[in-house]
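A.B. asks: Sequence:
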Amino acid sequence: MPAETSEKPSRTPTEVLKAARQRDSADKRGRALKAVQDMLRDNRRITFAAVAREADVSSWLVYAPGLRERIDQARQTAQDHQDQRSGRKVSTSSEQTDLLLARQEIKRLRTENGQLRQQARVHLGQQVEQLGNHDLVDRVNELTKENLRLSTAERQATTENTQLRQRVTELENDLAAARTSLRRMIRDQSR
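Residue numbering for the sequence shown follows the working numbering, beginning at 3 and increasing consecutively.
Honestly, the hints are just simulated from the structure, not real lab data. Certain hints may be false.
[To be verified] Below, computed lysine to any residue pairings styled on SDA-like, alpha-carbon distance capped at 20 angstroms:
#1 Lys36 <-> Thr49
#2 Lys36 <-> Gln86
#3 Lys36 <-> Thr94
#4 Lys36 <-> Ile48
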């Protein structure tokens with residue numbers, strides 16, 4: 003019975019290189035995450051370039067999946083803290099008060115809009131009533147004449163359009179015949 007050895011099989015150079023790259027990548031990611039935490043703690047402005055400089059890593063690494071999301075999250079957290087400190091971020095009760103005031107203003111404007119529309123209807127009705135029957139008959143006659151003129155112009159345009167379409171068809175037929183004739187002449191001359 004052969005003696006069992008507890009030796010690990012030796013790794014290939016490729017496996018060694020792969021493991022070294024993975025350790026290096028994990029180290030760089032760790033440095034980038036630590037830089038983000040340090041910047042948050044010190045209330046420094048967080049940008050992708052600043053994180054890359056702080057962690058001494060390449061700028062493309064901070065945009066890599068996993069890191070990018072963490073940096074975006076840290077940036078948002080820093081912005082929220084800054085907004086709270088500066089008073090730019092309003093409280094929920096303040097937002098509710100603003101919403102209530104906006105709703106009251108909308109209700110007032112809707113009421114005012116309805117009143118103005120009613121006033122406009124009344125004013126328009128008064129203008130129509132002020133026009134005499136004679137004025138209305140004159141306006142109807144004027145509109146009838148204009149309608150007749152437009153109808154005549156439309157008929158003329160339709161007739162011209164039909165004639166032009168016929169002419170286009172004739173010209174297309176002439177062109178097709180000329181092409182056919184030209185092809186024959188070229189064929190005959192090439193023989």
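A.B. asks: Hints the structure violates: just list their numbers, smallest first.
C.D. replies: 2, 3
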